[in-house]
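One-letter residues, chain by chain:
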Amino acid sequence: MKKKLRNFIFQELVFVAEPEQFSDDDNLLEAGLDSMGIMRLIMFIENEYGVTLPDTEIEPDNVQSFNALEQWILRHQNG
Amino acid sequence: MNIKNGDILEKLNPADTFTLAMDEEIRRDGLAGSYGCFALELSNLPDIIELQQRITEFSQRFPVTQASLQQINRHFYWCKRNDPPQLFFQHLCPEDRNEEDFQQKIISDIINHKQAREISAPIEFHLLTGLKKHILFTRWLHPYCDARGVELILKYLCTADEAQRRQFGLPDTGPLVNVQLGKYRWWQKIGLLLKGKRYIGILDSLESIQPFHSDLPPERLNYMIQRLSEAQTEQALRQARQTVGLAGTSLYYIGCLMRALEKMHPDNPGEAYCAPYAFNLRKQRALAPVTGNHLSALFAQAPRAIVQDRQKLFAHLKQQNAQVIRQQLDYAFLPLMWAGAWLSLAEYGKTLRLSYGSGKERSSFWFSDVGRLDIPADSFPGAGINGVYHVCQVTAPPGLAFLNCIYRNRLTLSYNFVEPLGNSAQIELLHQFMLAELLGEGE
Numbered sequence: 001m002k003k004k005l006r007n008f009i010f011q012e013l014v015f016v017a018e019p020e021q022f023s024d025d026d027n028l029l030e031a032g033l034d035s036m037g038i039m040r041l042i043m044f045i046e047n048e049y050g051v052t053l054p055d056t057e058i059e060p061d062n063v064q065s066f067n068a069l070e071q072w073i074l075r076h077q078n079g
Numbered sequence: 080m081n082i083k084n085g086d087i088l089e090k091l092n093p094a095d096t097f098t099l100a101m102d103e104e105i106r107r108d109g110l111a112g113s114y115g116c117f118a119l120e121l122s123n124l125p126d127i128i129e130l131q132q133r134i135t136e137f138s139q140r141f142p143v144t145q146a147s148l149q150q151i152n153r154h155f156y157w158c159k160r161n162d163p164p165q166l167f168f169q170h171l172c173p174e175d176r177n178e179e180d181f182q183q184k185i186i187s188d189i190i191n192h193k194q195a196r197e198i199s200a201p202i203e204f205h206l207l208t209g210l211k212k213h214i215l216f217t218r219w220l221h222p223y224c225d226a227r228g229v230e231l232i233l234k235y236l237c238t239a240d241e242a243q244r245r246q247f248g249l250p251d252t253g254p255l256v257n258v259q260l261g262k263y264r265w266w267q268k269i270g271l272l273l274k275g276k277r278y279i280g281i282l283d284s285l286e287s288i289q290p291f292h293s294d295l296p297p298e299r300l301n302y303m304i305q306r307l308s309e310a311q312t313e314q315a316l317r318q319a320r321q322t323v324g325l326a327g328t329s330l331y332y333i334g335c336l337m338r339a340l341e342k343m344h345p346d347n348p349g350e351a352y353c354a355p356y357a358f359n360l361r362k363q364r365a366l367a368p369v370t371g372n373h374l375s376a377l378f379a380q381a382p383r384a385i386v387q388d389r390q391k392l393f394a395h396l397k398q399q400n401a402q403v404i405r406q407q408l409d410y411a412f413l414p415l416m417w418a419g420a421w422l423s424l425a426e427y428g429k430t431l432r433l434s435y436g437s438g439k440e441r442s443s444f445w446f447s448d449v450g451r452l453d454i455p456a457d458s459f460p461g462a463g464i465n466g467v468y469h470v471c472q473v474t475a476p477p478g479l480a481f482l483n484c485i486y487r488n489r490l491t492l493s494y495n496f497v498e499p500l501g502n503s504a505q506i507e508l509l510h511q512f513m514l515a516e517l518l519g520e521g522e
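Here the protein sequences line up with chains A and B, keeping their order.
With our numbering applied, the first sequence covers 1 to 79.
With our numbering applied, the second sequence covers 80 to 522.
No lab work stands behind these hints, which were simulated from the structure alone.
Since this is a predicted model, take the numbers as computed values, not measurements.
All clues stand as given, with none of them false.
Here are the simulated lysine to any residue pairs, SDA-like style, with alpha carbons at most 20 Å apart:
| # | chain 1 | residue 1 | chain 2 | residue 2 |
| --- | --- | --- | --- | --- |
| 1 | B | LYS397 | A | ARG40 |
| 2 | B | LYS342 | B | ASN502 |
| 3 | B | LYS362 | A | MET43 |
| 4 | B | LYS262 | A | GLU48 |
| 5 | B | LYS397 | A | ASN62 |
| 6 | B | LYS362 | A | PHE15 |
| 7 | B | LYS90 | B | VAL258 |
| 8 | B | LYS397 | A | ASP34 |
| 9 | B | LYS362 | A | GLU18 |
| 10 | B | LYS211 | B | GLU179 |
| 11 | A | LYS2 | A | ILE73 |
| 12 | B | LYS362 | A | LEU5 |
| 13 | B | LYS362 | A | ASP34 |
| 14 | B | LYS276 | B | GLU286 |
| 15 | B | LYS83 | B | LYS159 |
| 16 | B | LYS212 | B | MET303 |
| 17 | B | LYS362 | A | PRO19 |
| 18 | B | LYS262 | A | GLN11 |
| 19 | B | LYS211 | B | GLN183 |
| 20 | B | LYS397 | A | GLU59 |
| 21 | B | LYS362 | A | PHE44 |
| 22 | B | LYS362 | A | ASN27 |
These stretches of chain B come out as covered by chain A in the derived footprint (C-beta under 8 Å, 3 or more residues):
| # | region |
| --- | --- |
| 23 | 317-326 |
| 24 | 361-367 |
| 25 | 400-408 |
C-beta: ideal position from N, C-alpha, C; glycine also.
Looking at chain A on its own, in the form it has when it is part of the complex (with noise of 0.2 Å):
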């Protein structure tokens, strides 16, 4: 799950000069994700992983990592 986040968020959203060198706990927000960024990241998991994330859980605790980003997806694709 992490790698699919990783090439979508690399490719599409931010530019990382050294993306191996990030880490899964790296803060992705001041690696640049902005707003807009977001909204794509959420409809990107959505269609991927067949989920709903609530408006109201998007917050930094849930996007600002890959780790919280998995752990978020996994929380609702469990539910």
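Let chain A serve as the given structure and place chain B on it in line with the hints.
Same frame as chain A, now just chain B:
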């Protein structure tokens, strides 16, 4: 100018041509043209020699910077000139003049300077100096680049290390509009084009409310900059997050402005507020592409009755935006731009501006959220950067463009208005309403 093949440096991409059509419209309205401006307010007199050297180096690295815009048959191209244009200007305030007034006058002259687009330099850097205030005022002709591109150019000028400066413009992807369009087969492009046309058709079923109610012909652009304190900025951003969430900050500004306009002129004719806004195709923090426009457009629209209810308005804008992205309508504007590039500028401009339904202006105002700027305050050659703001020309109607950015944790609002349709007193009032909305005190 007699153009030979070897003179052509670059063909305008579909997004460049889109901004060129707007340039033509602004000129037809009797204004200077589609110029955008970016001001850096400096702490002291900078290192002028270093600054000039970097501007020269930049213009050699990116030759379009010295080009002339020329039409060859149906299309437009950046072409070499025999004499490179002057790119750097200095304006020293005379000792007996009030510095503030002097600088305001110079800036007003720069943004309203009328010049044929073939003669106009793609970009100019004006250093305004005085005893207390120093400003680097950059003005560019919109087909040359977009706001993000100018941010990159200023970042380039603020990069001391030559090896790091060489990273700008890399990787050379070419126009991102073409890269994105290249992902679609021709039938998919047509499908998207029809989808985009239908989407605009639906928007056009409601007549757009205009910000000003005046029959006077447009004369010149004026602007007003308002900077929120750090505490106000924090409060506005907290409100934005609570109201539209992390994914809709731009919508918060748009919604607040719609409400502020409605409070200012509740009787202006029309049925809905409609605001076009561009989104950038570059990845965040990417150093390329530098020149050219790499954007597509979206619309935010809300009927008057919804605008009057703050909660309903933001729920509506959020839902509209999610739907647009879900249905890929954000990318539907790309084939429209691609097709539009085949029209004459006059036809294209009319299509872009006028509602299919009413035949009147589609936009209630122009909007651009530049976001949090990524230029370190201590990076300018020989001076600190205290603040930044943007200015841009706009067609009239609507005669109002609202731009915002955040720099050093302060939200800066730039109201650009065409006189005499609008005036400073109206904009001052509009700002009072806008501020209350931003801070969540506008119920």
